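A.B. asks: Could you build the full structure based on these sequences and the hints that come with them?
The chain contents come next:
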Amino acid sequence: MVDARGVRKYFGSHEVLRGVDFAVADGGVACLIGPSGSGKSTLLRCINHLEPIDAGAIVVNGALIGHAVRGSHIVELPERQIARNRIGLGMVFQRFNLFAHLTAADNVMCAPMTVRGMSRADARRQALELLDRVGLAARADHYPAQLSGGQQQRVAIARALAMDPNLILFDEPTSALDPELVGEVLAVMRDLARSGMTMVIVTHEIAFAREIATSVSFMDDGLIVEQGSAADVLDNPCNPRTRAFLKAVL
Amino acid sequence: MSMSREHERPGSGPAPDTRHGSDLEAAKIAALPVRHPRRVRGPVGAAIVLLGVAVVVDVLVENKNVGWGEIGHYLFDGAILDGLVLTSWLTAVAMAVGIVLGIVLALMRLSSNPFLSWAARGYIWFFRGTPVLVQLVFWYNLAALFPRLSVGVPFGGPAFVSGSATAIITPYAAALLGLGLNEAAYMAEIVRGGLKSVDEGQVEAARALAMTFPQVTRKIVLPQAMRVIVPPTGNQVIGMLKLTSLVSVIALSDLLYSAQTIYGHNFETIPLLIVVSIWYLALTTVLSFGQMFIERRFSRGAPTRAKRRAPIPDEAVIA
Numbered sequence: 001m002v003d004a005r006g007v008r009k010y011f012g013s014h015e016v017l018r019g020v021d022f023a024v025a026d027g028g029v030a031c032l033i034g035p036s037g038s039g040k041s042t043l044l045r046c047i048n049h050l051e052p053i054d055a056g057a058i059v060v061n062g063a064l065i066g067h068a069v070r071g072s073h074i075v076e077l078p079e080r081q082i083a084r085n086r087i088g089l090g091m092v093f094q095r096f097n098l099f100a101h102l103t104a105a106d107n108v109m110c111a112p113m114t115v116r117g118m119s120r121a122d123a124r125r126q127a128l129e130l131l132d133r134v135g136l137a138a139r140a141d142h143y144p145a146q147l148s149g150g151q152q153q154r155v156a157i158a159r160a161l162a163m164d165p166n167l168i169l170f171d172e173p174t175s176a177l178d179p180e181l182v183g184e185v186l187a188v189m190r191d192l193a194r195s196g197m198t199m200v201i202v203t204h205e206i207a208f209a210r211e212i213a214t215s216v217s218f219m220d221d222g223l224i225v226e227q228g229s230a231a232d233v234l235d236n237p238c239n240p241r242t243r244a245f246l247k248a249v250l
Numbered sequence: 251m252s253m254s255r256e257h258e259r260p261g262s263g264p265a266p267d268t269r270h271g272s273d274l275e276a277a278k279i280a281a282l283p284v285r286h287p288r289r290v291r292g293p294v295g296a297a298i299v300l301l302g303v304a305v306v307v308d309v310l311v312e313n314k315n316v317g318w319g320e321i322g323h324y325l326f327d328g329a330i331l332d333g334l335v336l337t338s339w340l341t342a343v344a345m346a347v348g349i350v351l352g353i354v355l356a357l358m359r360l361s362s363n364p365f366l367s368w369a370a371r372g373y374i375w376f377f378r379g380t381p382v383l384v385q386l387v388f389w390y391n392l393a394a395l396f397p398r399l400s401v402g403v404p405f406g407g408p409a410f411v412s413g414s415a416t417a418i419i420t421p422y423a424a425a426l427l428g429l430g431l432n433e434a435a436y437m438a439e440i441v442r443g444g445l446k447s448v449d450e451g452q453v454e455a456a457r458a459l460a461m462t463f464p465q466v467t468r469k470i471v472l473p474q475a476m477r478v479i480v481p482p483t484g485n486q487v488i489g490m491l492k493l494t495s496l497v498s499v500i501a502l503s504d505l506l507y508s509a510q511t512i513y514g515h516n517f518e519t520i521p522l523l524i525v526v527s528i529w530y531l532a533l534t535t536v537l538s539f540g541q542m543f544i545e546r547r548f549s550r551g552a553p554t555r556a557k558r559r560a561p562i563p564d565e566a567v568i569a
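In order, the protein sequences belong to chains A and B. Position one of the first sequence corresponds to residue 1 (this note's numbering), numbered consecutively onward. Position one of the second sequence corresponds to residue 251 (this note's numbering), numbered consecutively onward.
By construction, these hints were calculated from the structure, which means they are not laboratory data. All values derive from a computational prediction rather than experimental measurement. A couple of the hints might just be wrong.
[Claimed, not checked] Computed footprint of chain B on chain A; a stretch qualifies when at least three of its residues, placed anywhere within it, have a C-beta under 8 Å from a C-beta of chain B:
(1) 86 to 97
(2) 108 to 119
(3) 138 to 147
Don't be surprised by glycine CBs; every beta carbon is placed ideally from N, CA and C.
C.D. replies: So, in structure tokens, the structure goes:
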């Protein structure tokens, strides 16, 4: 599903990703953990080419994301084709990023209508189904400002699902939430994982990672330092930096 | 009372506050009725304002020089109404040119392409940096600089269409070019401010949903930018309404120039200026109402004080 090799990324002269290899199998749930500034979010944003990479290759669903091989070179695709690459690739942000001028239902309807050309009636029907799935059917006509953080994040998940993705990227989906609202978002994500959705999750919720991850990668200073099953990485870490990190957060 | 002494009094319970020498107890005074001195001051202020208005009205009505008869006579005079139509029409078209070109310039200015960005900067620098009166007269006298205008291959290539500048640049064309191109420079800055006010996260979310740049701009960024763009644009429209009076220098009979022509003959200067002011005020009132409606339309979803409701907790039932 996702196969990233030798990914390098610079912000100015600072190398944020220093040759990362990362893979997720079909139906897998990969959790990325690590201290802030270790490059987890950057890696996630490279997977859908929100951040262009400086070296390496990321193949998602069999397609080189944002790039094409021309002869002996890799060239970046024009913006329109990058957008086409992102179909089937959902993303959920830390700050929800719901479209502030649209109701919950319109947020979910926007991309299917704009990108897929779906009719308003079909999009609305689908949006109501998806909002029902995340427990928010009754909030369909509320604006984001009228919803709690947890409700907004669940709408954001419904919005990602509306494009019928086979992979969803979660960028610290519960970090901006009040503690009592974290559970409702994790419940929706747990439900998604059970339904077989492939997911890459950047998270600080170690207990949640242990529960649903099929693989856990610990990142530090732009590299994946340790990678394996949740039991291996979280309960029997062999790398001293992983151990130090887990000791600090648990 | 020092801090240390307070600490030395362990478990003595709430001490009565004696700092102000009073022994207020909330329980005793809680039932007293509350008076609001500010609500009494309201009617007093209103009375002063009403008195002021009455004085002004009285002075104007009593003063024979105001010429109420003349005002009534010229308010619907044919020449005045023709001028009114020209003023409205020039305002509308010049603003339309300014808004459309302003959006294009704003997008160019924000473009990552340095040539586009600098071209827009140069345009804005030039048109904001020269008086619009100079621009109007310049366009009107374009024939002095380029006697013939043509569309064709530059650097001496063949021309497809060509004509004399005096025939193409009519006073109307000169007025629209002068006012519209100048307005575009100001609108570009207003639109740019609006576009920049939209959170980057909105753009990222839209791009992550596979929208292309034009789709993101049209569906996500512009509608939200409008909330910031509309109020200053309303200002610009009202400013333009009055700026159009400059076209009298290129022999166009707008509202003000029509009045000037009339009082040039009959010397009823004050009544005609009042007539003109009445019409400008009427148009401004209409435009302000229009602005109000448009603002309301684009503030949907914005957390205003009236709309901001506490989020309703839900019984999240997740199957």
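A.B. asks: Now, for every hint given, state plainly whether the structure supports it.
C.D. replies: Hints, one by one, checked against the model:
1. Given as covered by chain B, the region 86 to 97 of chain A passes the check, having 8 residues with a CB less than 8 Å from a CB of that chain where 3 are the minimum.
2. For the region 108 to 119 of chain A, the stated coverage by chain B is satisfied: 4 residues place a CB nearer than 8 Å to a CB of that chain, which reaches the threshold of 3.
3. Coverage of the region 138 to 147 of chain A by chain B holds in this model, with 7 residues showing a Cβ closer than 8 Å to a Cβ of that chain against a need of three.
Taken one by one, the earlier hints all hold for this structure without exception.
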